[in-house]
Each structure stands twice: as structure tokens, then as C-alpha cells.
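Residues in the sequence shown are numbered from 1 upward in steps of one, following full-length UniProt numbering.
Note that these hints are calculated values from the structure, not bench results. There may be inaccurate statements among the hints.
Once the Cα atoms are required to be at most 25 Å apart in a straight line, the calculated PhoX-like pairs of lysine-lysine come out as [stated by the list, open to error]:
1. K211 x K70
2. K70 x K164
3. K275 x K211
4. K70 x K275
5. K164 x K241
6. K70 x K241
7. K164 x K212
8. K275 x K164
9. K211 x K279
Label-pair restraints from in silico Cβ distances [unchecked claim]:
10. K211 x L245: 33 to 41 Å
11. I272 x P98: 22 to 30 Å
12. N97 x K275: 25 to 33 Å
13. W162 x G193: 34 to 42 Å
14. L159 x M198: 18 to 26 Å
Glycine included, C-beta positions come from ideal geometry on N, C-alpha and C.
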Amino acid sequence: MASASVVAMASHGLRNAADWWEAVNNSPCGRTGFSIPLLGSLVLLVSSLSYIQLIRIECRVPEYGWTTQKVFHLLNFIVNAVRCVVFVFRRNVQLLNPEILQHILLGMPGLVFFTTYALLVLFWAEIYYQARGQSTDGLRPSFYAINGVVYSAQIVLWLLLWWKPVRALHVLSKMFFAGVSLFAALGFLLYGGRLFLMLRRFPVESKGRRKKLQEVGYVTSICFTCFLIRCILMCFDALDKAADLDVLDHPILNFFYYLLVEILPSALVLFILRKLPPKRGITQYHPIH
Numbered sequence: 001m002a003s004a005s006v007v008a009m010a011s012h013g014l015r016n017a018a019d020w021w022e023a024v025n026n027s028p029c030g031r032t033g034f035s036i037p038l039l040g041s042l043v044l045l046v047s048s049l050s051y052i053q054l055i056r057i058e059c060r061v062p063e064y065g066w067t068t069q070k071v072f073h074l075l076n077f078i079v080n081a082v083r084c085v086v087f088v089f090r091r092n093v094q095l096l097n098p099e100i101l102q103h104i105l106l107g108m109p110g111l112v113f114f115t116t117y118a119l120l121v122l123f124w125a126e127i128y129y130q131a132r133g134q135s136t137d138g139l140r141p142s143f144y145a146i147n148g149v150v151y152s153a154q155i156v157l158w159l160l161l162w163w164k165p166v167r168a169l170h171v172l173s174k175m176f177f178a179g180v181s182l183f184a185a186l187g188f189l190l191y192g193g194r195l196f197l198m199l200r201r202f203p204v205e206s207k208g209r210r211k212k213l214q215e216v217g218y219v220t221s222i223c224f225t226c227f228l229i230r231c232i233l234m235c236f237d238a239l240d241k242a243a244d245l246d247v248l249d250h251p252i253l254n255f256f257y258y259l260l261v262e263i264l265p266s267a268l269v270l271f272i273l274r275k276l277p278p279k280r281g282i283t284q285y286h287p288i289h
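The whole structure should be built from the sequences, with the hints applied where relevant.
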């Protein structure tokens, strides 16, 4: 009898939670509050912080060209600026025809987000191999090749969706992006983890080692987690219509999705990497600090 009561109470609680979820999803206030002003304001804030940091770096070391650090902040600014525009005009985006334009506007910033944070993996891989006395000549060509394959494959999928917008192609497109996110998560785990373990072997008293160790550890954990969450949620999005992230009918899901996989990770990484490079002549300049 006791176990039956527990099951009944649990079922009642789940029904109440489901009813609440549907009520918020179907309320105009919920859709407007989550999908447009709040998300738009948050991504605008992150975009502004990226732009400010880019200007600060340029003012500190104007003699250097487009370093990895500057490109990272520029791409962060672009991704979040585009996201902000999309969120502000989200209802108009939902009405665009052909439908493939909706997928491009919602999906392209995610691809650029992947490129932005893949730069960190590239940078750490270069540091790791240089410290071990190994050649890094093939890293940048590999980075460009991987990004070229990812963008080309996604464009082909979009063209196929435009030509024949069937359910199977929608699922394939979302599963492909889930695979890209998993690849990025494993990249952070591999090279961020390797660099972290390498830095741990240096004496703790070494100048800057403790801070650099914490920086690499925090950024690796944040980026691995955010790309893994993106992968999992994209799989649900592909296989379950109730978890569709491309519609306005799921404001809570959309809010937590973008908060966890883009906004919060970007804000935390910008905070961790806020240190400006040293002025020329003081010490050797590294692209990302």
C-alpha cells in the first residue's frame, strides 16, 4: 500500500509539472518573456563585453596584427551580435519563406560558435606540442580543413533540405550538428586535459603557473560541459518533436538551451580570459592569456 501511494504521488507530481510546462509554453507572456527580451538582452551583453575586450587589447598592443586572441573576441562579438538580431526579430524569422532561411539564421551562429572555441583548442594544441618539442606545422591546416568540412557538410544538408524538406533530412541535419558539438567537447577534453596535466608537472611556485593551471582547468571544464550539453540537447531536438529548439512554442527549453550552451559559457570564458596582454618590450606576447 505504501509503495502504491508513493507511485501515485509521483505520478500526480509529474502530471502537475507537465501541466505547468504546457501552461507556460502556451502562454503569450511566457513566449515573449523568454524568447525575445531576456535572451536578446543577455546575448547583447556578451557581445558588448567581447567588443570592449577586443578594443582594450588593440589599445594595449596596437603593433600586433590579428592574433588568435583578437580573432577569438571578434568572432565572439559577431556570434552574439547575430544571435541578438535573430532573437529581437524572432517572430519574423519564424515566418520566413522558404523555411530553409529559418534554419540558416538559427544554425549559422552555432557553426561560428564552434569555430570560435575551436580556436582555443588550436591554441592549446600548439602550446602543448611546442612544449614537447614537436612540430606544430600541421595544426593550423588541420584546423582550417576541419572547419571547411563542417561548413561544407552543413551547407549541403541545408541545400538538400531546401530541395526536399523531409523529416529524415531534418533529423540528419540536427544529428550532424550534435556530432560536431561532441567533436568539439572531445577536443577540449583531449588538448585542454593534456595541457592541464603538463602544467601540473611544473613547480607550483613557478611564476604564473598556478594561475595558468586554473585558467586552463576552468575553461576546459566549461567548454567541455557546454558542448556536451549541446550535443545531448540536439539529439533530443532531432528525435523528439516536443524538444524542438527551432520554434517559439518552447520558451523555457529555448531559454535554458541558449543560456547553458552559449550565453553562460561565453560570459564565464570572457571573465577568465579578461587579462590583457603585456605591453611590448616587457615580456614575450602570447596570443591568448
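We went through each hint and held it up to the structure:
Of the pairs offered as hints, the one joining K211 and K70 holds, with about 21 Å between alpha carbons and a cut-off of 25 Å not exceeded. Taking the CA atoms of K70 and K164, the gap is near 40 Å; set against the 25 Å cutoff, the hint is violated. Proximity of K275 to K211 is assessed by CA-CA distance (about 11 Å); at most 25 Å being required, the pair is judged to hold. Distance restraint check for K70 and K275: the Cα-Cα separation of roughly 13 Å lies within the 25 Å cut-off, and the hinted pair is therefore satisfied.
Of the pairs offered as hints, the one joining K164 and K241 holds, with about 19 Å between alpha carbons and a cut-off of 25 Å not exceeded. Under the criterion of a C-alpha separation no larger than 25 Å, the hint pairing K70 with K241 is inconsistent with the structure, at around 39 Å. For the given pair, K164 sits about 50 Å from K212 by alpha-carbon distance, which is inconsistent with the 25 Å threshold. Taking the CA atoms of K275 and K164, the gap is about 49 Å. The hint is violated against a cut of 25 Å.
Our distance criterion of 25 Å between C-alpha atoms is met by K211 and K279, whose separation comes to about 19 Å. Between K211 and L245, the C-beta spacing of about 37 Å keeps the proposed range 33 to 41 Å intact. Judged by the Cβ atoms, the range 22 to 30 Å given for I272 and P98 is violated: they are separated by roughly 41 Å. For the pair N97 and K275, the beta carbons lie near 47 Å from each other, so the given range of 25 to 33 Å is not met.
Range check, W162 to G193: about 40 Å between beta-carbon atoms, so the 34 to 42 Å window is met. For L159 and M198, the hinted distance range of 18 to 26 Å is not satisfied, since their beta carbons lie about 43 Å from each other.
In this structure, the earlier hints numbered 2, 6, 7, 8, 11, 12, 14 are contradicted, and the remaining ones agree with it.
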